Amino acid sequence: MHQTRKTHLILGVVVVAFAVFLMGVWIPLDTTTGVVETVRRQTVIGDSLAPMVAGVFLLIGGALVLLFERGSPDQPQVDMINLKFVGLVAATLAFGFLIMRYAGPLTVWATNMLSGGALEYRLLRDTAPWKYIGFFLGGVFAITGVISLTEGRLSARALGIGVAAILVMIALYDLPFDDLLLPPNGDV
Amino acid sequence: MTPLDYVWAGVLAVFQGPELFSLLGLPIPVTVVMILCGFLLGIAVGATPGLAGPIAMAISLPILISIFGFTPDALLPVMGFLIGIMKGATIGGAVPAILFNTPGTPDAYMTTLDGYPMTKKGQAKKALKVAHFASVTGDTFSDIVLILCAPFLAILVEAYLDLPEKTALLILSLSFIAAAVGGSPAKGLISTGLGLLAAYVGTGQDFYPRLSGGTDVLAQGFPLAAAILGVLIVGAVFHELALFWREKEGTRRAGPDEASSADQRLRVSDIRRLMPYISRSALVGTAIGALPGIGSTLAATLGYALGKRRHDRRKAEGDPGFGHGAPEGVAATEAANSSVSGANLIPVLSLGIPGNTAAVFLILAAESIGGFNPGPSVFNFTVDVVNPEAVIAFGLFTCMILANLMNWTIGGLFMRAMGVMTRVPKQILLPVVLILTLTAIYVQETNMAAVWFTLAFGLLGYGMRVLAISPLPFVIAFILGPKIEDSARQAFAATGGDAFFLLTSPVAALFMALSVLVITLSTRRKKGAT
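Protein sequences appear in the order of chains A and B.
Using the numbering used here, you'd call the opening residue of the first sequence number 70 and step up by one each time.
Using the numbering used here, you'd call the opening residue of the second sequence number 632 and step up by one each time.
Hints may contain errors.
Unchecked claim - Quick partial rundown of chain A residues pointing at chain B, CB under 7 Å, derived from the structure: (1) Thr101; (2) Gly103; (3) Glu106; (4) Ala123; (5) Leu133; (6) Glu138; (7) Phe154; (8) Thr176; (9) Val177; (10) Trp178; (11) Ala179; (12) Thr180; (13) Asn181; (14) Met182; (15) Val215.
Treat the hints as calculated values from the structure; they're not laboratory data.
None of these values were measured; they are calculated from a predicted model.
Cβ coordinates follow ideal geometry from the N, Cα and C atoms, glycine included.
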């Protein structure tokens, strides 16, 4: 039995609603000049016009989807299981980058607790081995995690590839250049 | 300086630029070496399913900028490397299609139709040779058209188009891209609208950064690299990973089914037979490539269809038909999709409008380094003072010719050796590419917010692919958005605040009418097709 998909109907409604919200609420409330402004008796284009044009593109696009493609037979199927998988991959990457951001400072803090020193990560961020701690741990976690998610199992091979890939990236981006900073050392 | 002096200065900028090393007393210019490196890397990534030229460009750009710095001297080596990747990836893409029936890119799908049957008949090497010959011929033809057309088009634009006309031309380009890319004008408009919106966040002329919600993180707007690489690369990797995970095709591929007894040579008689197919496809590909936003997939499809029609009429008794291992099928497809790449640079160099992802990366490199703004002003042949942008433009043309020469001489050999790349498992390659890309963005932006933005744009890019919305209009709108606004502000001010400034000049009014017409016609065509 042929089942009509509602992907385009939902897409059209969401895009039209977003365009109306953009032009009716977001742009007026979050832009300080209008579509056209008069400054010192000269009429100039204000900051609202360009985003309004973007809103018009969205509105027309959404309306055309609703009018002409709502019932088309070639509508894409949104697979919720795929969406969950990509959500997990993105969460793994995000967690990997959180490890990247905080592993170095946490290690320095733990070292200070154990040795009673007063090291500061900010001052060590261009000094080995401190500068590699966050990138190595976070990067290995992210690569190993995504490979494991894709393969459906955690393996020593995935860990080995994660370690090797991160070492190659350090060799590629950090060792030859004095002016490049690996994440997160540029803005800690 | 006369225009010919500029051409010669461009050639010299490549060959007499900074020297990398000396070989037997002969200075080897760094730009030539960079073109060669980019070309070889391009073939390797093109031959690797799951990788493509844009990914290699994204990863290498921050490294190249770190090596060469932010000086005008960096432009030709960096852009030469990117051009090398573009050329190499074009021929490399045929390798997995022919050997393993795995199209690395959508346009390579047509190559599988005859390439893989040739492999099954034991003619893998011959199929690769045909693909290489057709691809390089198409590409060279396309480059010649680019070199001849781009300067004249730019001069015409500068001579006849004023600010309102230029604004209208940019709007027409966006409308055309929205209507033509991806097969659905409605979705093209949505993609364009989202790209424009993203471009306008945190920008504007007022003290308050518009649409930033009062937050510091949005006040600077979205970094160009984060938006482009997020939607194009990270989104594509998410999509590939999800497809792979769903299909569970992680098993190692077997080697090509190749019998060594078959004739693998590409003879002069073969070339004579293939040339009519190659020349027709090269014309089709170049014409399609010159229009911004229309990709090589359409060119490959049209080239294949035209070739099939001719082959059905003229093929000899016993020759394989299209779809059954006809070398003419491989030649028609490869010549068409390769001849798109050179012509695709016509709108970016003459109008500043990027037509494909390679052009997007050339703009990204130019914006990152500075000193070169692709557009009509590039070909301003000033007599008294040297226009360095014109010298760079002709230097780029020289880079393309050099890359073609490399393609003719060593490209085929290297391409045939790249069959091994098709065995790299996707589930390992893609996560590494993902972290490499995010690291490249951080290294370039030195800001963790750029990584979060890239991830968010990656999810947006994935969502767009799931909903069959092409991300290319988004990227092009993101790049052109600020240009359109600046141009419109200047045109509005220059016409004394005329609200109808886009309609008062006949040329601008024509461009605006064409914008509406192109959307209307493509919507009606789409409606008629469903």
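(request) Could you tell me which of the hints above the structure violates, numbers in ascending order? (result) Violated: hints 2, 3, 8, 9, 10, 11, 12, 13 and 14.
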